[in-house]
Amino acid sequence: MKKSKLADPFEQARLESGIGKMDDQNDPVTMLLRLKDVRKTAHNWKVFQSGAKPGRIVVPSEVNIRDTRQIPFEVDPPEHGDYRKLVEPWFKRPLEADYQAALTKQINEIVDEALSLDDIEVVSDFSLRLQSRALTLLLNTPYSEADTWIGWGTHVFRSEGDSLDGDKANILYDYIDEQIERASENPSDDLYSVLLNSELNGRKLTKEEVKGVMILTFAGGRDTVINAVTNSIAYFAEHPESLARLNDEPEITGKAVEELIRYFSPLTHMGRVVTEDTQVCEHAAKADSRVSLCWASANRDASVFENPNEVVLDRKLNPHVGFGFSHHNCLGATHARQIMQILLTSLAQKVKSIDILDYEENIEDLDQFKRKVGYEKIKVKFNPK
Amino acid sequence: MAKITFITTDESSITLEATSGSVMELAVQNNVAGIDGDCGGVCSCATCHVHVDPAHLDKTGDASEIEKDMLELDDNANEYSRLCCQLEVSDQLDGVILRVAQ
Ligand code: HEM
Ligand code: FES
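Protein chains in written order, with the UniProt record's numbering: chain A, 1 to 385; chain B, 1 to 102.
Bound conformation, chain A alone (with noise of 0.2 Å):
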């Protein structure tokens, strides 16, 4: 069981302390590790703001590979609140019954392909793969686009060893530029043609808002896939009577869904800017500084959760904050239920077992904490009912 695991590096630090420290560019992090300080840290979006200097509350800081703010993620009430309106019913769709069956046609076809080869590493060739074809329905974009994003690779936005690289982010800076002034020419009803046409408090939204709303789509919506799908594969590997389960009691799927993301958290935390001096978990924090949200460890926290450490897969009560929390929770989260509860469904249906045959982890640096996110690479072999 020990190729699946994820193990919890923030245990005794939000014991002890409730915080850890990372330095990230001179600019330092503290991460509030324990569920409640999380949550409420999120909620105070007067004393910890989203809307700072662009790519500062990323961590690593992207303040110095990025101008254009990301919307709605970079900005605070009560405009977020307007972005938020503007573009949820279109991240809602994924409730419908057509994408829903376009979404099954997609995940069946690479589950099928990956039963039908000797081996396959599922990094590159299921999850980029999968996640790729599935942005095409949430962007409404031709299903052929999906070419050009897995040609870019898993490290698009991040270079080996997973410093920020402004060259690579700028693939997909300009590739979205292009296709904003593609829309803007030849209107469609894909999600750039929408959003240049959309109204905010009487005005129409500016090209850069628009890239600021797809750059963040692209990007939200990639590493964090990819791994909560690659790291589903590798679990069942080791897992073959949860399959088993989930083809006897479909019924539980959403409740998998739930805890796979929990014990996963694909986004290991996120940053505020402290807007004035304050306390968080009883540690100063000064104007100015940052701190993190670490859903990761927020979500092994064992006086909320029982067995944190354990894939339950029906657990009842899960309050994870694996997609964030309050205002900023997570946009993109309906599509990625909708990918995961298929994907699962489709492998309960169709695969025996999985065999993991070689591997290595991709390990995030966070300074006083080494977490697994998920893997580099993963070979695996598919074997069929």
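Simulated from the structure, these hints should not be mistaken for lab results.
A virtual CB, placed ideally from N, CA and C, is assigned to each residue, including glycine.
A hint or two may mislead.
As the list claims (entries may be wrong) - Residues from chain B that face chain A, not an exhaustive set, calculated with beta carbons under 10 Å: (1) 2; (2) 34; (3) 36; (4) 44; (5) 45; (6) 69; (7) 72; (8) 86; (9) 100.
Claimed, not checked - Stretch-level coverage of chain A by chain B, calculated; a stretch enters the list once three of its residues show a Cβ under 8 Å from a Cβ in chain B: (10) 308-317; (11) 326-339.
Dock chain B with the ligands against the given chain A, drawing on the hints supplied.
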């Protein structure tokens, strides 16, 4: 069998009957506006927030610690707030009136 009435934010009222499942599931199946049930009922999303009509509080009983902690940070919460995924349909709920929160 329990009859459960939802009053949505536009003041329209809908009464539904059920024998089992959670109140959130009942609301979602019947498209009650404002009840989304994003997390499927595991108490993680707070998109199933209702205010119990004060006259019917004895029917719903008290929220668990975990549910109270979720509600504590909801700007529209008050003493009558519940996350209705945590309300199981049973005879005890018969006649209850729930106002969908903002
Ligand atoms: C399993 C997959 C995913 C996980 C675990 C995840 C996690 C998160 C978390 C924790 C936040 C909160 C950030 C904060 O409070 O600052 C967030 C926000 C966000 N996510 Fe996701 N995400 C996932 C997939 C996606 C997808 C697929 C998209 C879109 C394609 C997306 C788009 C966004 C956006 C736009 C926000 C900002 C919302 C706002 O500020 O109002 N996410 N996500
Ligand atoms: S449905 Fe998510 S908290 Fe009730």
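Tested hints:
1. Because the smallest distance between the Cβ of residue 2 of chain B and any Cβ of chain A comes to about 21 Å, over 10 Å, the interface hint for this residue is violated.
2. Annotation: interface hint on residue 34 of chain B violated; nearest CB of chain A at approximately 13 Å, more than 10 Å.
3. Using the Cβ-Cβ criterion of 10 Å, the hint placing residue 36 of chain B at the interface with chain A is satisfied: the shortest such distance is roughly 8 Å.
4. A least Cβ separation of about 5 Å between residue 44 of chain B and chain A falls short of the 10 Å threshold, and the interface hint therefore holds.
5. Interface hint at residue 45 of chain B: satisfied, since its Cβ lies 8 Å from the closest Cβ of chain A, which is below the 10 Å cut-off.
6. Taking 10 Å as the C-beta cut-off, the interface hint given for residue 69 of chain B holds, the closest approach to chain A being about 7 Å.
7. A least Cβ separation of about 9 Å between residue 72 of chain B and chain A falls short of the 10 Å threshold, and the interface hint therefore holds.
8. Below 10 Å, beta-carbon pairs count as interface contacts, and residue 86 of chain B has one with chain A at about 8 Å; its hint therefore holds.
9. The restraint placing residue 100 of chain B at the interface with chain A is violated, with a minimum CB-CB distance near 17 Å, outside the 10 Å limit.
10. Only when three residues or more bring their CB closer than 8 Å to a CB of chain B does the claim for the segment 308-317 of chain A stand; here the count is 3, and the claim holds.
11. Counting residues of the segment 326-339 of chain A whose beta carbon lies closer than 8 Å to any beta carbon of chain B gives 5, which reaches the threshold of three, so the coverage claim holds.
The structure does not agree with the numbered hints 1, 2 and 9 stated previously, though it agrees with the rest.
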